[in-house]
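Q: Sequence:
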Amino acid sequence: MRVATFNVNSINSRTGALLQWLDETRPDVACLQELKAPQEKFPEAAVREAGYHAVWHGQKSWNGVAMLVREEHGEPQEVKRGLAGDPTDEQSRYIEAIVNGVLVAGLYLPNGNPAPGPKFDYKLAWMERLHARTQAMIDSGVPAVVCGDFNVIPTALDAYKAERWVDDALFRPETRAAWERLLAQGWCDSLRATHPDQVIYTFFDYMRDAYKRNAGLRIDHLLLSPSLAPHLKAAGVDHEVRGREKPSDHAPTWVEFDWPVK
DNA sequence: ATGCCTAATGCAATTAGA
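As numbered in my numbering, residues 55 to 316 make up the first sequence, in order.
Just to be clear, a hint being listed does not mean it is correct.
[Unchecked claim] Listed next, with one range per pair, are the computed distances between beta-carbon atoms: (1) N66 <-> D259: 17 to 25 Å; (2) E234 <-> H285: 21 to 29 Å; (3) G195 <-> R298: 35 to 43 Å; (4) G297 <-> A238: 29 to 37 Å; (5) K95 <-> R218: 30 to 38 Å; (6) E103 <-> D221: 44 to 52 Å; (7) A138 <-> G297: 36 to 44 Å; (8) D193 <-> G297: 39 to 47 Å; (9) G105 <-> G171: 37 to 45 Å; (10) A238 <-> R218: 26 to 34 Å; (11) G139 <-> Q74: 35 to 43 Å; (12) G240 <-> L73: 30 to 38 Å; (13) E103 <-> S64: 13 to 21 Å; (14) Q189 <-> N167: 23 to 31 Å.
If you are wondering where the hints come from, they were derived from the structure by calculation, not from laboratory data. Think of the CB as a built atom: it goes at the ideal place given N, C-alpha and C, for glycine as much as any other residue.
Take the sequences, apply the hints, and build the full model.
A: This is the structure:
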């Protein structure tokens, strides 16, 4: 089973690129972030025509997450929309569904800049709320994949010129510490687990030809639960997608594991 | 320290991204 995450940076500006990538790679599940579209403006018909069921949580202008599931797996059973812990939070950043017996969570973690400040406080609070949800998954023992745009640079290996990022919300000590506490629950960072020492980026700024210079960040992640981690087969980045016409600033990132377990 | 680029909103310039 292959699960992918792709921050599309506007679903309606990226429908063509999304469909091409789906056609080429046919992931079982694709979690999308930054739809930048209200609920009613999601290209449901095009996605269905491509052979995918979809659940999504839109929002006007910003944020927005979706989960696409290849139709042979049946309709995803949506179990969560939005992250518990703050009833005043109206940002569409989290969706969770059961697919083929696996719990899949797709998230768009707040950027948090400028830091320090209220946006950074919101990011850290959001990570605390995520910890509560992911700990519950661990406690239940359910096979789970938690993936998305985390807006977290885990280590200096994960940023071009990391020294420039030390005061940024994506790399500040508080952010990295929250990431480490998440992993300490038992989650496997699948891309790093399969490429322990390699420089791998999932995001390249539109500015200053960052993609051509390989001046990127690794901020899109796919975490496997302890029950799935032993069945990890491969993980990677569909790097070339970032180099196409009118691309998102993120590249699709994916993990593959044996499922059902033989 | 700021703009470099891209997108949404809505029609000019601002907000946001990372």
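Q: Need the list of violated hint numbers for this structure, in ascending order.
A: Failing hints: none at all.
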